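S.K.: What follows is the residue order along each chain.
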Amino acid sequence: MKRVAIVGIGHSKFGKRMDVTINELAWEAVKQALDDSGLSQKDIDFYSVGNLGFWSEELLPAVTIGEYCGLRAGSLKTEAACASGSAAIKVAYDSVLSGNSKIAMAIGVEKMYDSPNPTIIELIGRAGNYFWEFENFGLTFPGYYALYATRYLHEFNAKEEDLCLASIKAHHYGSLNPYAQFQKEITMEDCIKARYIAWPLKLYDSSPITDGAAAIILASEDIAKKISDTPVYIDSQGYATGSANLSRRDDFTGLEASRRAAAIAYKNAKIESPRSSFDLFEVHDCFSIAEVMAYEDLGIAERGKGIELLRENQTYHDGRYPVNVDGGLKAKGHPIGATGVSMAVEITKQLRNEAERGRQVEIRKGRAISHNVGGTGHYAYVTIYSRGD
Amino acid sequence: MPMLQFTLEVIKLDDIFFDKRTLELKYQIPLGKIGEFFRGLENGKIMATKCIECGEIYFPPQTNCPECPNSGVEWIELSGEAILETYTIINVKPTSFSKYPDYVVAIGKLKEGVKVLSWLNIDDQKKIRIGMKIFLRVVKREEDYYTYEFFPE
Ligand SMILES: [Zn+2]
Numbered sequence: 000m001k002r003v004a005i006v007g008i009g010h011s012k013f014g015k016r017m018d019v020t021i022n023e024l025a026w027e028a029v030k031q032a033l034d035d036s037g038l039s040q041k042d043i044d045f046y047s048v049g050n051l052g053f054w055s056e057e058l059l060p061a062v063t064i065g066e067y068c069g070l071r072a073g074s075l076k077t078e079a080a081c082a083s084g085s086a087a088i089k090v091a092y093d094s095v096l097s098g099n100s101k102i103a104m105a106i107g108v109e110k111m112y113d114s115p116n117p118t119i120i121e122l123i124g125r126a127g128n129y130f131w132e133f134e135n136f137g138l139t140f141p142g143y144y145a146l147y148a149t150r151y152l153h154e155f156n157a158k159e160e161d162l163c164l165a166s167i168k169a170h171h172y173g174s175l176n177p178y179a180q181f182q183k184e185i186t187m188e189d190c191i192k193a194r195y196i197a198w199p200l201k202l203y204d205s206s207p208i209t210d211g212a213a214a215i216i217l218a219s220e221d222i223a224k225k226i227s228d229t230p231v232y233i234d235s236q237g238y239a240t241g242s243a244n245l246s247r248r249d250d251f252t253g254l255e256a257s258r259r260a261a262a263i264a265y266k267n268a269k270i271e272s273p274r275s276s277f278d279l280f281e282v283h284d285c286f287s288i289a290e291v292m293a294y295e296d297l298g299i300a301e302r303g304k305g306i307e308l309l310r311e312n313q314t315y316h317d318g319r320y321p322v323n324v325d326g327g328l329k330a331k332g333h334p335i336g337a338t339g340v341s342m343a344v345e346i347t348k349q350l351r352n353e354a355e356r357g358r359q360v361e362i363r364k365g366r367a368i369s370h371n372v373g374g375t376g377h378y379a380y381v382t383i384y385s386r387g388d
Numbered sequence: 000m001p002m003l004q005f006t007l008e009v010i011k012l013d014d015i016f017f018d019k020r021t022l023e024l025k026y027q028i029p030l031g032k033i034g035e036f037f038r039g040l041e042n043g044k045i046m047a048t049k050c051i052e053c054g055e056i057y058f059p060p061q062t063n064c065p066e067c068p069n070s071g072v073e074w075i076e077l078s079g080e081a082i083l084e085t086y087t088i089i090n091v092k093p094t095s096f097s098k099y100p101d102y103v104v105a106i107g108k109l110k111e112g113v114k115v116l117s118w119l120n121i122d123d124q125k126k127i128r129i130g131m132k133i134f135l136r137v138v139k140r141e142e143d144y145y146t147y148e149f150f151p152e
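In order, the protein sequences belong to chains A and B. If you count by numbering that gives the first Met the number 0, then the first sequence holds residues 0 to 388, one letter each, in order. If you count by numbering that gives the first Met the number 0, then the second sequence holds residues 0 to 152, one letter each, in order.
One or more of the hints may lead you astray.
As the list claims (entries may be wrong) - Chain A side only, calculated, beta carbon under 7 Å to chain B, not exhaustive: (1) G142; (2) R150; (3) A193; (4) A197; (5) W198.
Stated by the list, open to error - Counterexamples of contact, computed for chain B against chain A with all Cβ distances above 12 Å: (6) E41; (7) C50; (8) C53; (9) N63; (10) W74; (11) E76; (12) S78; (13) G107; (14) D122; (15) F150.
What the hints assert, rightly or not - Covered stretches of chain A, as calculated for chain B (at least 3 residues, CB under 8 Å): (16) 115-127; (17) 132-140; (18) 238-249.
Hints listed in this document are in silico derivations from the structure and should not be mistaken for laboratory results. Since the structure is predicted, the reported quantities are computational estimates derived from the model, not experimental observations. Just so you know, even glycine gets a beta-carbon here, dropped at the ideal spot from N, CA and C.
The following block holds chain A by itself, in its conformation from the complex (with noise of 0.2 Å):
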């Protein structure tokens, strides 16, 4: 089969971008991907924008962005909740390989802050089924995981002190990122002592609210070559839907849309051992207790075990299974939509040997795997990626 190749990224500062519109945002990220590429807005066959809006005040994204952005090809606007920017990506991917497009580029830009903060608590906390869960019970998007969280922790015997190890690795490597939102360390105390959001949730164990844009131009295999020296292939991506009401869901310790897409992803990419197959792990720590489900729901670690990776420190860039060493949701920060591009751009850079001092993880196996999660397991991306050397 034809692949289809990372040609060009391009990723915005992440962080409150009260400096810039929705369409600036995007720009920064655009304008870094074709000038990274070598290729201009005319090259584009077809394009995605991966964004949730609500928050921000344009409704139809991928046009406003476009005309800012100077692209005129197809386009259109992805939405699978927090990994909007992976459906992006799927879009765009399918069209090269399709042979719909030679070229096509797939854009994910989230401006959270054009809003008040209630006004996203309270758009947010709509993620799921709004009729069962919000209207009546008030359900917020910490407390989706924090169900999750409650039931982890009391089944496998860990501690709000265990979750907390997993923020403190975001906010690490967030200091090391300079696209990322929070660039200070922080310590076990400033974690464990932080105040409450959603029980056991505490403040560090949440990503925060984020504007930001990323963008990648892919291109199928026999151009990707021409355009760039480092190109990086898609080998497979895995999709699921789960449950929207969480009370239709068997267990609470981990999420099955991430185990289905995750199968999927590994048997058309033909990995067998995930432990051994991946230099880099980007996965979806939107909260503490994700970031733990994830190293599981991947195959990393067995069922319960997933804490133990981080006691034992080996998720940094120098362990086992380096995982997010860009600061991940936590730290880097969350802008809904860009978050799968995000780390489609942060998997390109390492594979590259691209990425800052101190967060380069040693490339030996040439391929990475991202792993985004819409809502709490309401969408799952499961994306492999490889240097194809």
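Given the coordinates of chain A, work out where chain B with the ligand should sit on it, guided by the hints.
M.R.: Chain B with the ligand alone, transformed into the frame defined by chain A:
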């Protein structure tokens, strides 16, 4: 990608345009197909649907069984007897819930096999234990409408 050092300018309030238009969102949700559920609440009953063909119980209730497209469903009353599977305490609340003290959202597994997500109405939150017996009952909220909550047995 070139390594960049960011120095974002400090934004003055003057640089932000405060929208002069307000959009109020308040949905009109058509729930007529499951009207039986709401009539049940008014009579103190918590109802679910059950596929006549395969016997699958649906909560939240739905009037189509996706597994048996040509089958109908019947309404059944749930026992309310449940075991607590997991819970959280919502400390940072949505604005529309700000008038409530920190509330417990729980998921209980009912005797019938279905799970229900709702508040767990308990005086002492420290006494909550996973695996404890809880009971689902109809309650009237101060907004003057009926819903359901778990209570300790
Ligand atoms: Zn049926």
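S.K.: Does B/C50 clear chain A by more than 12 Å, comparing its Cβ with all Cβ atoms of that chain?
M.R.: holds, 15 Å
S.K.: Is B/N63 truly not at the interface, in the sense that its beta carbon sits beyond 12 Å from all beta carbons of chain A?
M.R.: holds, 15 Å
S.K.: Hey, is B/W74 genuinely clear of chain A, shortest beta carbon separation above 12 Å?
M.R.: The claim stands: B/W74 keeps its Cβ more than 12 Å from every Cβ of chain A (closest is about 17 Å).
S.K.: Against chain A, does B/E76 hold up as non-interface, every C-beta pair farther apart than 12 Å?
M.R.: With a cut-off of 12 Å, B/E76 remains clear of chain A, as the shortest Cβ separation is near 18 Å.
S.K.: Far enough from chain A: is every CB of that chain over 12 Å from the CB of B/D122?
M.R.: Label holds. Min Cβ-Cβ 17 Å, cutoff 12 Å.
S.K.: The output says B/S78 does not contact chain A. Does that hold with a beta carbon cutoff of 12 Å?
M.R.: holds, 16 Å
S.K.: Is it correct that the beta-carbon of B/G107 has no partner in chain A closer than or equal to 12 Å?
M.R.: violated, 9 Å
S.K.: Just to be careful: measuring from the Cβ of A/G142 to every Cβ in chain B, is the smallest value less than 7 Å?
M.R.: holds, 5 Å
S.K.: A/A193 was flagged as interface toward chain B. Is the shortest Cβ-Cβ separation under 7 Å?
M.R.: violated, 11 Å
S.K.: Mind checking, does the region 132-140 of chain A have 3 or more residues with a CB under 8 Å from chain B?
M.R.: With 7 residues in contact (Cβ-Cβ under 8 Å with chain B), the coverage given for the region 132-140 of chain A holds.
S.K.: Over 12 Å from every CB of chain A: does B/F150 meet that, or does the non-interface label fail?
M.R.: It holds; B/F150 is separated from chain A by about 15 Å at its closest Cβ, greater than 12 Å.
S.K.: Just want to verify: B/C53 was marked as not at the interface with chain A; is every Cβ pair farther apart than 12 Å?
M.R.: At about 16 Å from chain A, B/C53 clears the 12 Å cut-off, so the statement holds.
Of the numbered hints listed earlier, those contradicted by the structure are 3, 13.
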